[in-house]
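Undergrad: Based on these hints, arrange chain L on the given structure of chain C.
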Amino acid sequence: MRLLVLLKIALKSILKNKMRSFLTSLGIIIGVCSVIVMVGVGQGSQQKIEDSISSLGTNLILVFPNYSRVGGVTSSRSSRQSLKADDPQYLAENGEFILAASGSIRSRQQVVGGDSNWNTEVEGVDPGYLTIKSWAIESGTFFTERDNKSKKKVCVLGKTVADALFPNTDAVGQRLRIGNKPFMIIGVLTEKGETAMGNDQDDIILAPTKTVLTRLRGRDYLNQIYVSAINEDAIEAAQAEVTYLLQQKHGIEAGEADDFIVRTQTEITDMASETSKTLTLLLAAIAGVSLVVGGIGIMNIMLVSVTERTREIGIRLAIGARSNDVLRQFLYEAITLSLAGGFLGIMLAFGISSFMNRFTEINTVINPQIVMVAALFSGAVGIFFGYYPARKAARLNPIDALRYE
Amino acid sequence: MNKVIEMRGIVKNYQMGELEVRALRGIDLEIVSGEFVAIMGASGSGKSTLMNIIGCLDVHSEGEYYLDGENIQDMEADDFAEIRNVKIGFVFQGFNLLARTTALENVELPLLYNKSVKMREVVTKAEAALKLVGLGDRMDHDPSQLSGGQQQRVAIARALVNNPALILADEPTGNLDSRTSVEVMKLFQDLNDKGITIVLVTHERDIAEYAQRKVVLKDGHKIEDSPITKRRIAATDLQNIPEEG
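If you're matching them up, the sequences are chains C and L in order.
Read in order, the letters of the first sequence are residues 7 to 411 in the working numbering.
Read in order, the letters of the second sequence are residues 86 to 330 in the working numbering.
One chain only, chain C, in its complex shape (with noise of 0.2 Å):
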């Protein structure tokens, strides 16, 4: 028989049913619908750590302290103490393909200033850290090389804490506490917003590194140290300089393990990324699982179609249907019932998405890829789970169908 016959009798059907087809496709519209939210919840998430990683900085390269083993214990990567405070400035002045370098020592402090206090994050950076985060100053100075060398105490502020301690005066020029001891205010920063995570960046002050290492902390090494190499083209140049200069400076001998590690910020995000890779396959593979679900779904009410409809059947057969063609009707009315339901889902993702993009912080990206593959998957599970009852159907004998009850 011609398709379009077929596809015609498949439909007409479909719409005698409409309520108990409908409930069929559900399965499929939900299926497909939960694969293309849920990968393009996975891929927003993935897309907005690569944002927030090139964030950081410019061309960045990290500098991490190296697992620290003495007699056999391997400690934490951070209870290493081999960065000091004066490689950030070593890194700066002889790197050729170096444009900034700065120190980073983070710590929660409460700080009393005006007349409230506030608990945040203070973080000692050296000059060079606006450059490399981009980031600029919208009142006052940002502190210089000299305040760092002399441990001056003088911070700039993030916006948000300049709005919680001074929310009707200008910040600067004025004093606050942090852990006590008084530090002038010579400068507030430019909003730079929230992070993918959330976290509100405009909530820190910045502090000269040595001054926080010595007054503050008390210690003579840093968490980290970041590095912005001159142009994108230099960063593995950079990378291998800073690598150089560091073992120069910390008097490693060829052979011997170095007592850091640097990372360029591609390498992080990499990582990350594959993190969130796995979490997109993790997402994908459950909400493919409902997607299967919704095919026994189909598989079971042709089923149930293919008894009700048996003496159909024997009419068919009778008047020279071919056993193909009791196959075929039965198969197509279960692929269109899947196909439908794909096409429904991939409407109902594609609204979902918006709705979740604009009223909610998860962001979500709707991969065409995905779409197709959820749009291909619906139409093979069409086939797959209607093959069987379409099977049963054409393997009716027409005597036993036409005396059916």
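Calculated directly from the structure, the hints in this document are not laboratory data.
Computed from a predicted structure; not experimentally measured.
Heads up, a few of these hints could be off.
[Said to hold, decoys possible] Okay, the calculated beta carbon distance ranges per label pair:
hint, chain 1, residue 1, chain 2, residue 2, range
1, L, Arg298, C, Arg26, 48 to 54 Å
2, C, Gly385, L, His288, 48 to 54 Å
3, C, Glu314, L, His288, 27 to 33 Å
4, C, Lys14, L, Gly119, 34 to 40 Å
5, C, Met353, L, Lys203, 34 to 40 Å
Note that the Cβ used here is the ideal one computed from N, Cα and C, for glycine as well.
TA: Below, chain L without anything else, positioned relative to chain C:
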């Protein structure tokens, strides 16, 4: 005359569990083109089995069966489907129309399964068949909107639509009242007058008398095969039956 059906020594055995049922025990039967034959017999006589074999819904165990000159023995399932589609038109006791499908669409069905009919001819042919059985004004009606007699007319139109060599009617009046039965028999006689071969299976003697010839089966044997001497003419009988008011 061209032989539409030629059967020699047809035997049909069924296996029902442990028991072997011998439904037909050697039937010889010839029906030529243009005949109107009634196959009679009590239930269990084998007449339904014979009809299923004639209609290629079932295959005989032994013997030879030529339908319209072709040996059924050499055929496969799809060939049977084509025979049922093109060479035989079925009319059933229970009408067997598709529910929630209009009269026209029911009549179109055999055409849709017929490869030699072009798509644009489908509607015209179906309409012509419905007009022939006197239902030209009821084409858009669903079976549920039609009386029993009208439903059987739709079924007859469906049987006719592919110009079969043979119309096979299985108790076509079994579900109808006596006047409607005669009306249906009149339709069969009209069609037969136009040269269409009809095989009618019935257990009612008076219905069989509208045919030209009767074949009586008993216990799987043919016990009688004779012309009907006092053939009833449905058109005349209709004048004697009062219309229901």
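Undergrad: Need the list of violated hint numbers for this structure, in ascending order.
TA: Structure breaks no hint.
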